[in-house]
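Chains as they are written, first to last, in our numbering: chain A, 1 to 303; chain B, 304 to 606; chain C, 607 to 939; chain D, 940 to 1272.
Read the hints as simulated data drawn from the structure, not as lab findings.
In this text, a Cβ means the ideal position worked out from N, Cα and C, and glycines have one as well.
Treat the hints with care, since some could be wrong.
[Unchecked claim] These stretches of chain C come out as covered by chain D in the derived footprint (C-beta under 8 Å, 3 or more residues):
no.: 1; region: 832-839
no.: 2; region: 852-862
[To be verified] To list a few chain D residues with every Cβ distance to chain C over 10 Å, as calculated:
no.: 3; residue: Phe964
no.: 4; residue: Leu1137
no.: 5; residue: Arg1263
[To be verified] Chain C is nowhere near these chain D residues, computed Cβ spacing over 12 Å in every case:
no.: 6; residue: Ala961
no.: 7; residue: Arg967
no.: 8; residue: Ala1255
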Amino acid sequence: MASLAREALRRQQAFAAADEAALDGLISVRPPAGQPRPEPVWDDARVLEHTNVGQRYRRLVLATGTIARTALAGQFLMITVPPTGGERILLPRPMAIHRRHPDAGTVEVIYGVAGRGTIALADVAVGGSLLVTGPLGRGFEIPSDARTALLIGRGVGVCAIMASVEDAAARGVDATVVLSGRTRFDLIGVTDCAELGAAVIPVTDDDGSSSIPALGERLRAEFRDNPPAVILVCGAGVLARLAAELGAEWGVPVQVSLEAHMACGLGYCHGCAAPVATDPEVEGPLVCVDGPVFDAALPVSSL
Amino acid sequence: MASLAREALRRQQAFAAADEAALDGLISVRPPAGQPRPEPVWDDARVLEHTNVGQRYRRLVLATGTIARTALAGQFLMITVPPTGGERILLPRPMAIHRRHPDAGTVEVIYGVAGRGTIALADVAVGGSLLVTGPLGRGFEIPSDARTALLIGRGVGVCAIMASVEDAAARGVDATVVLSGRTRFDLIGVTDCAELGAAVIPVTDDDGSSSIPALGERLRAEFRDNPPAVILVCGAGVLARLAAELGAEWGVPVQVSLEAHMACGLGYCHGCAAPVATDPEVEGPLVCVDGPVFDAALPVSSL
Amino acid sequence: MRPAEAETMTSAPPQHPTDARAAFFAARPTRSATVDLSVRIGSLTLANPVMPASGCFGPALGRLIPVAELGAVVTKTVFGTPRGGNAAHRLTEIRAGMVNSVGIPSRGAAGFLAELHPRYRELGVPVIISVGGHRPAEYAPVVRDLDGAGDAYELNVSCPNLDRLGTDIGSDPDAILAVVRAARQATDKPLIVKLPVLASSIADCALAAQEAGADAVCVANSIPALPLQPDTRSPALGNVIGGLSGPSIRPIVLRLVWLAARAVEIPVIACGGIETAEDALDYFAVGARAVQVGTASFGRPFAMVEIVRALQERCADDEVAGIRDLIDLWRAQ
Amino acid sequence: MRPAEAETMTSAPPQHPTDARAAFFAARPTRSATVDLSVRIGSLTLANPVMPASGCFGPALGRLIPVAELGAVVTKTVFGTPRGGNAAHRLTEIRAGMVNSVGIPSRGAAGFLAELHPRYRELGVPVIISVGGHRPAEYAPVVRDLDGAGDAYELNVSCPNLDRLGTDIGSDPDAILAVVRAARQATDKPLIVKLPVLASSIADCALAAQEAGADAVCVANSIPALPLQPDTRSPALGNVIGGLSGPSIRPIVLRLVWLAARAVEIPVIACGGIETAEDALDYFAVGARAVQVGTASFGRPFAMVEIVRALQERCADDEVAGIRDLIDLWRAQ
Ligand SMILES: Cc1cc2nc3c(=O)[nH]c(=O)nc-3n(C[C@H](O)[C@H](O)[C@H](O)COP(=O)(O)OP(=O)(O)OC[C@H]3O[C@@H](n4cnc5c(N)ncnc54)[C@H](O)[C@@H]3O)c2cc1C
Ligand SMILES: Cc1cc2nc3c(=O)[nH]c(=O)nc-3n(C[C@H](O)[C@H](O)[C@H](O)COP(=O)(O)OP(=O)(O)OC[C@H]3O[C@@H](n4cnc5c(N)ncnc54)[C@H](O)[C@@H]3O)c2cc1C
Ligand SMILES: Cc1cc2nc3c(=O)[nH]c(=O)nc-3n(C[C@H](O)[C@H](O)[C@H](O)COP(=O)(O)O)c2cc1C
Ligand SMILES: Cc1cc2nc3c(=O)[nH]c(=O)nc-3n(C[C@H](O)[C@H](O)[C@H](O)COP(=O)(O)O)c2cc1C
Ligand code: FES
Ligand code: FES
């Protein structure tokens, strides 16, 4: 029945609005990084693998040496979608660098097949090449004195945090990773975390474990005695708010990776305004160069 | 060398301009037909065959009962090109009905892969269906008292005359068919003519036999004693002019099928103006309803 | 000299069981009998909000589709005196859409009344006659000459093909005032004003039409464009410029409809790139009350009838009484 | 608050042998050394006719492509005083092209001079500063404040994102006269006027610019449009309307360039949907003397440099001395 479809659409819209509103007052630009950002390049990256992940996602393995060697955790690529049979995609699509393999000179990207752009991207053949620009943006940083970290990812948002799981593994930081998704079969990152020796808390919509109250309760119990030294989060506004609440309770910093519609990825088109309220005479931060990773803290009023 | 390509383009343009000019003053609307035109229909015609013909053409066999049974020789279809991978072709393409098989309920169409429209059409799969509207327009008519006919076709223009070869065969009219093309391997209609028992004069560009002077000489020799009762021609302005000259010499009527850019095929969009000079306050004939077949006669001034 | 449309196909459409068209004619919507899709344009009530765009319909199409299911038909623009139209090529297709420079050949008002009007009358739906002119003063006399014939008149002040270099009458609010005021004197029937895309302010143009007594505005005509031949870079059209139409102009016209609907009280009829009921709903969502379909009918002659049927189904599915509720439903979101 | 462009990437581009960009930087056209692609805009001579469109370039792109191979660079529009820009979403892609409603965030003339201008200067090509204003009187003061900085100024009287409902300054020839006359008093450097698509007469607008002393016109800005979200039918942009750009606007802008080039003596710079040297040659064929590339650079950052190199190759292939001959060759056909 179309009216059921309409109802579903209404619920989805209400959820999206609430998710956006959850970020209100939460976001600020991170202070200057300790580490200089790598120089971005563009490359004709050979497509080594292009496979399904679960039922809703696709995984790309791209050969692109410079980017694989220089990318910092939480940085992203702009991927130009090649024309397929007449369909022309004009704007490149920003995609998180899910995994870096510097020795092999490859990176991994996982994406959901959502709209025109990703539907066309899904047609790219192994052996062909993709024009990519990167590494771009300001990534996640695990503080140098941290011994533990909590990482929370939902859906393709898991891709933004996985390179930080790599960093944690490399630096001997104990990482606990919440992987959230609709069902168990949709979870991204389970094998990556196993490979990297991170503890995983899988939560899903179908059994209710991914709901914000349930997850909050679980994490508060889990970390009651030993809060993590930092929280990194990506994939939903309501998760960012939960992380900010936990961060306030535990007195630890929270970093969140955001999305915005992008054209250039380099800071010159001014298309990717971040959801930060500013003086109307001052331009607010841009997700592509001031983020995508921002600090997240509860607004003073709500503390 | 690009300058060679440029030269080739120049020659091609000069040829096209001369070909268009050759029609000057030649064309007039035919007097009302003896036979009423069939009612056009549209249909989702199943694609039974879709094969290559020589190196440059494609042949479609379409199951479309009403059209196969009612189409008159020289009528055409409007074929809606289905979207292929995002490429959207908005306007249907006019295509001559090359062969009619009323018992099988099928028609054949042969087309050259030329621009966006026919490139997309070439992707249509056997077993799928094509939206077609037809039969449309005013076709060729072999006068009822004719015992002989000369038919001249060049390139895909052969398709407009082949149904008249069918008519000739059915009525016991002796048909001589000039098939003109770039090379022997490009000629359309050789097997059709064999099947229909028509005499064929193949002429090609590579050996010079298709040049207007050479062909004129050959036809004048061939028909010196016994001129054909009617000449039907399609495929080039210079061939139409040659036919009109021969018609004047022999005192026989000449009919020519023309092309024009079309949107509706039904006479209401007024897009398909025929190359007939008229009073600027009077609309000239339309190729889709007043043609595509017109009378061709040398202007009085040039006689 | 030319029999054209008038000569061909004058008998009633026979039903061939072997083609898809026959099945389409036979189909009758079922659940949606109680749905009210009617819209009012001044004193005229249309059974539903779907009609052809001027120049993209003729009685010949009545043989291919059940025209009686449409809200109205709109004629090709009629001038007072005969016009020949532009040189070939008059149309072409490019990647961005189709471009036409037909140039409105017309047999004049007398020719229209004698030859075409009787065939429009047979269609069984309201007939909106599109009226053209080279100068503002030319419109009212045509309306007067035609009066008695049309159920409404659409004043086409926005044809991109009349003057290659000049500006449209319809991009100048003062000229619109003059055209509509004079036409308003010439008839009591509803007047629609068809506006151009290339105007500095569509709101001012629509307001001028309303002020002068128009019953609706149609937004908009095709967009002036210059298509080149890909190989030679020479103009693809005999007239050099023509009007771009088809789906790629939709986002441009959506904005114009939104602006016009905010500016005036009279209904806005949307025209530009509509191919499906979804496209029509997009226009309803920004404030249109009716839609015209042009280019889409060439490739899919049944497009308009499909839109009507789909709107009926949508109302039935969503359990709303009519198109107004459907629109409100969407606009509320 | 935000370090943005200024913070990142301030060192010289190192050459990585492992990426395609490094190879592109290394490439040097060979046969075409003797080809003269230069064009004049008033007193300024550009080495070739290819430059970015305003808002579609920033110094950061200089790290990705050899900007020194371009004819010039054009800055994003600079206002006199700071502006924040529009609400998110500021851009989206639809089937007909991309639509942006960035709304020209600007740090004002002083901020531009302090933070951005030094980085533009490092690029080694002429810098054309785009200048904006909310009212005609606002332009000249900005030009005066900036003078000394730019090699030329482009007066942007055609941004579709400043006022959702209002008309552009640039669609009113009188307003153009006022803007350009005042700016002409403020500087001796070349002035380019960037015109809108939605004007009643592009010829009148171009003539007004010429009469007031402009050295060139740029035709045209993006086309105002309203993109909807496919699922919800709600506006896809925070500002509701934005500017449509990309290849689908080319046939519309080609006509405007043709009309402008016939109307004025000063050079016409074409801007609209240019992706390749072929597209540039199309515009040259209808009378343009230079081209600007916008949307194409997002998907293919090297598009502008590729166009320059292809034009050089074309001249060499066709054995002509320069761009003028190449254009004549095409126009003659
Ligand atoms: C920093 C960053 C990292 C990202 N990483 C990933 C990732 O790892 N995996 C993944 O699947 N997706 C990722 N996205 C989103 C991705 O860029 C796609 O745009 C999104 O999946 C929408 O799909 P589409 O392009 O097919 O939609 P379309 O319908 O083609 O998009 C239409 C327009 O909306 C924009 N748009 C729509 N949704 C989004 C969105 N969520 N974010 C940004 N722009 C959007 C598109 O860019 C385009 O302009 C990321 C976005 C950002 C900003
Ligand atoms: C009555 C009639 C019968 C025809 N029969 C045949 C046939 O049997 N076989 C065949 O191969 N072709 C035939 N054509 C031409 C055919 O309709 C195609 O348009 C033509 O082959 C161009 O190819 P395209 O559509 O791929 O070109 P595109 O590049 O896609 O065409 C661009 C635009 O130009 C128009 N156009 C370009 N060339 C022509 C042309 N020659 N005639 C009409 N419009 C054109 C197209 O309709 C379109 O609007 C016929 C044309 C007419 C009018
Ligand atoms: C071939 C053709 C002829 C047209 N003739 C007219 C006309 O005579 N009068 C008119 O007002 N509009 C005319 N138009 C414009 C259409 O009515 C309509 O405004 C335009 O095509 C945009 O709608 P579309 O995108 O649905 O085609 C014509 C359009 C086409 C394609
Ligand atoms: C993201 C974006 C920002 C733009 N900003 C400006 C601007 O600040 N000033 C301006 O004059 N034009 C601006 N434009 C318009 C472009 O300069 C250009 O006129 C338009 O995009 C058409 O060219 P294109 O089709 O090559 O993109 C902008 C365009 C885009 C896509
Ligand atoms: S995407 Fe262009 S400024 Fe961020
Ligand atoms: S194609 Fe429409 S009138 Fe001939």
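Hints versus structure:
With 5 residues having a beta carbon nearer than 8 Å to a beta carbon of chain D, the region 832-839 of chain C meets the requirement of three or more and the stated coverage holds. Counting residues of the region 852-862 of chain C whose C-beta sits closer than 8 Å to any C-beta of chain D gives 8, which meets the bar of three, so the coverage hint holds. The Cβ of Phe964/D sits about 32 Å from the closest Cβ of chain C, beyond the 10 Å cut-off, so the non-interface label holds. With a closest Cβ-Cβ approach of about 6 Å to chain C, Leu1137/D is found to fall inside the 10 Å limit, against its non-interface label.
Listed as a non-interface residue, Arg1263/D keeps its Cβ farther than 10 Å from every Cβ of chain C; the least gap is roughly 16 Å. Every beta carbon of chain C lies more than 12 Å from that of Ala961/D, the smallest distance being close to 34 Å; the non-interface claim holds. Arg967/D, annotated as away from the interface, keeps every beta carbon of chain C farther than 12 Å; the closest lies near 29 Å. Every CB of chain C lies more than 12 Å from the CB of Ala1255/D, the least distance being 20 Å, so the non-interface label holds.
The structure is inconsistent with hint 4 alone, although it conforms to all the rest.
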